[in-house]
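Since the structure of chain A is provided, determine the placement of chain B on it from the hints.
Listed below, chain by chain, are the residues.
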Amino acid sequence: GAGVSQSPSNKVTEKGKDVELRCDPISGHTALYWYRQSLGQGLEFLIYFQGNSAPDKSGLPSDRFSAERTGESVSTLTIQRTQQEDSAVYLCASSRRSGQHSPLHFGNGTRLTVT
Amino acid sequence: AQTVTQSQPEMSVQEAETVTLSCTYDTSENNYYLFWYKQPPSRQMILVIRQEAYKQQNATENRFSVNFQKAAKSFSLKISDSQLGDTAMYFCALQGGGGSNYKLTFGKGTLLTVNP
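So the sequences go chain by chain: A and B. Okay, so the first sequence: first residue is 1 according to this note's numbering, each after it adds one. Okay, so the second sequence: first residue is 1001 according to this note's numbering, each after it adds one.
So here's chain A without its partners, still in its complex pose:
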């Protein structure tokens, strides 16, 4: 079946503009994660959705970042008033259910460049 799909693959934007990144998880996967990968760094947790439960937003770096997910479908990550330090690869992952017994399946990421 289809894997995790992310769009756009690459995005170049001017400083101060808003951007919206999209993630389409694997069908039937109730858990969805967003991670950020900056150059030379590992993956930084941003936000986690599990079904209709309240999301874990503890990793969002500032109030310019927000994310939504309706039920078990598509998620969007929005960055307002982008800054140069927001430049990174944004990775989305989904898993069949929450917890340690369900491996994460990642998409190919969106490379965001803020000029």
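One or more of the hints may lead you astray.
Claimed, not checked - What follows is a set of in silico ranges between Cβ atoms, one per label pair, in the way DEER data are often shown:
| # | chain 1 | residue 1 | chain 2 | residue 2 | range |
| --- | --- | --- | --- | --- | --- |
| 1 | B | Gln1014 | A | Gly28 | 40 to 50 Å |
| 2 | A | Glu14 | B | Asp1026 | 38 to 48 Å |
| 3 | A | Thr13 | B | Tyr1054 | 44 to 54 Å |
| 4 | B | Lys1070 | A | Gly59 | 40 to 50 Å |
| 5 | A | Arg81 | B | Thr1018 | 47 to 57 Å |
Think of the hints as simulated: they come from the structure by calculation, not from any bench. Cβ atoms here follow ideal geometry from the backbone N, Cα and C, with glycine treated the same way.
Relative to the frame of chain A, chain B by itself:
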């Protein structure tokens, strides 16, 4: 807080040889999972191997195996008979127990180059 440390930013190996990537971690949990993920230039993170902390036997997946030393909090990855397609970034990750058992904490990665 959980931490994962990969002390080798870059490594190289000749095709068909064996290479070991190092990873150490810290957690206060007793039940947790450890993972190695591979990230080729396509950027997609691919699960290579998984180890459950309560299992003493080291996990093996074809040419990939781990050396899990729980007391030392060490989790190294051995790649045997290296192939050109193994060239990628390799990330060690920890998924802990407790209330946030869904979160993965990643190391900064090791760039592995397999030379012909």
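query: In ascending order, which of the hints set out earlier in this document are inconsistent with the structure?
result: Violated hint (a single one): 4; every other hint is consistent with the structure.
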